[in-house]
Amino acid sequence: MTPLAFLVLAVLTVVSAATVVVHKNPVHSACALVVTLFLLSIFFVGLDAELVAVLQVIVYAGAIVVLFLFVIMLLNLQRDVRATGGPGLVTAAAACGVALTVVIATALRRAGAPATPTVPPGFGETAAVARELFTTYLVPFELTSILLLVAIVGAVALAKRQA
Amino acid sequence: MPTPLGWYLGLSAVIFTIGVLGVLVRRNVIIIFMAIELMLNAVNLTFVALARSLGSLDGQVIVFFVMTVAAAEAAVGLAIILAMFRNRETTNADELATLKW
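The listed protein sequences correspond, in order, to chains G and D.
For what it's worth, the numbering used here labels the leading residue of the first sequence as 1, then goes sequentially.
For what it's worth, the numbering used here labels the leading residue of the second sequence as 1, then goes sequentially.
Chain D extracted, bound-state conformation (with noise of 0.2 Å):
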């Protein structure tokens, strides 16, 4: 008996819920950064249930965009958490409100 989508689209609600808890409670600016990772792969586990359970390939490419903008989406944000880093000495996020008003 195969496993139900159901399963897989719940276990993938709760990784998606784990990374919003992180961006909202840790203070670490690389942590926050993980977290959002996590998002970005519970929605890929979403893609790719469906995309079996639909039997369609469509799903299975949109995970490959997904991986593609993560990618440059963590080059960018490290160069930026490094630049921040050189001037300010901090990867705190309540330390870096410079922003807010």
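Only chain G is shown next, with the shape it has when bound in the complex (with noise of 0.2 Å):
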């Protein structure tokens, strides 16, 4: 990706990743949301991750944020009487906001990493990723299973009119 492009979509994130804490009402910060997610998949797929970012689509933009839109519809939430916690709590938040970006990004400089500008071919594809999946992290894989398992019986059990 050139620089010029990430520039391009940086800024756009940043805008609709703002938009989604910005904004008053739920269904527009979802929606926000998912733009969010698009170009996040698009650098991604810049940074030679194809299969991480068709997931990002399918999972995210499509399951996850279809989910939160159905409980806002369940909710019927209206605007905001009250969207933040005051001004005081706002300004220091936004003080602590910029202390951390310059925490983290002090952090991950001094981690810089060495920069390999090639990669063999198939890099991030669905046959490389799917043979780390099984051979080296098999365990983890099985275990999630289990976790959407219990995921699924919790979610069920707690949406669940009690009769």
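Hints were generated in silico from the structure; no laboratory data involved.
By construction, the Cβ of each residue, glycine as well, lies at the ideal position given by its N, Cα and C atoms.
A hint or two may mislead.
A few chain G residues facing chain D, derived, Cβ under 8 Å [claimed, not checked]: (1) F6; (2) L33; (3) L67; (4) F68; (5) T101; (6) A105; (7) R109; (8) P140; (9) T144.
Okay, the calculated beta carbon distance ranges per label pair [to be verified]: (10) N87/D - V14/G: 32 to 40 Å; (11) T90/D - T2/G: 43 to 51 Å; (12) M84/D - G122/G: 44 to 52 Å; (13) A130/G - K100/D: 21 to 29 Å.
Take the two lone chains, each set in its own frame, and fit them into one complex as the hints suggest.
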């Protein structure tokens, strides 16, 4: 990805991420979240992570955000009367946010990794990622099935109306 | 000329901070949840950028696990929000402070 394309996409991503947090209407926030996730998947394609990019669109934009929209619809939420915790809290949070960005950026820059401009062909494609997943990461991969089962049972038990 | 690694890490730091601010500032629990998803995605971007930079697929596999956990978390969390709304008729975090000392 060229630096110019990166800058354009980065500005769009930050704007849509800020919209998620700032907008008063939860439905608009959810739509901005979809835009953010799509833009991030473009970054993933640029970073030779094709499978992750496709999963990002299917799992996040397709499943998780739809779940959010369903809940917003079920709860019939109107605009927030009191959206935030007051001006004092907002100022304090903004100051903390600037400090946090500086801390994270400094820490990440100290961890500077060696740049490898070329990767082997097939890097990030389904076959290569799946080989890792079913050899090195086989046990965690099987454990995720238990996690998902527990989550399904838990979600149904919580959302069910008590008789 | 490819984009340097540091730019990706900087962008992910900014997105993560936006997510933290959302959790701190907003009072609607659904928006707080979306802000948590933003933070998870910022970390995913870091993983993928470093995987590309190190030429190793481990980072991309971890992103797969992060997505699984995020999906489970969203399903259970939204079910909790539904159950809470049924009992208390609100999604405002300030009014759901029964456990606060």
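Hints, one by one, checked against the model:
Residue-level restraint check for F6/G holds (minimum Cβ-Cβ distance to chain D is 4 Å; threshold 8 Å). With its C-beta approaching chain D no nearer than about 5 Å, L33/G sits inside the 8 Å limit, and its interface hint holds. Of the supplied interface hints, the one on L67/G holds, with its beta-carbon coming within about 6 Å of a beta-carbon of chain D, less than 8 Å. With its C-beta approaching chain D no nearer than about 7 Å, F68/G sits inside the 8 Å limit, and its interface hint holds.
With 8 Å as the threshold, the beta carbon of T101/G comes within range of chain D, its nearest partner Cβ sitting at about 5 Å, so the hint holds. Proximity of A105/G to chain D holds as hinted, the smallest CB-CB distance being about 5 Å (cut-off 8 Å). A distance limit of 8 Å between C-beta atoms decides the matter here; for R109/G the minimum to chain D is near 6 Å, and the interface restraint holds. A cut of 8 Å between beta carbons decides the hint on P140/G: the least distance to chain D is about 6 Å, and the hint holds.
Hint status for T144/G relative to chain D: holds, with the closest Cβ pair at about 5 Å, below 8 Å. Taking the beta carbon of each, N87/D and V14/G are about 37 Å apart, inside 32 to 40 Å as hinted. A hinted range of 43 to 51 Å holds for the C-beta pair T90/D and T2/G, which are about 48 Å apart. Take M84/D and G122/G: their Cβ atoms lie about 47 Å apart, and the range 44 to 52 Å holds.
For A130/G and K100/D, the Cβ-Cβ distance of about 46 Å falls outside the hinted range of 21 to 29 Å, so the restraint is violated.
In the structure shown, a violation is registered for the earlier hint numbered 13 alone.
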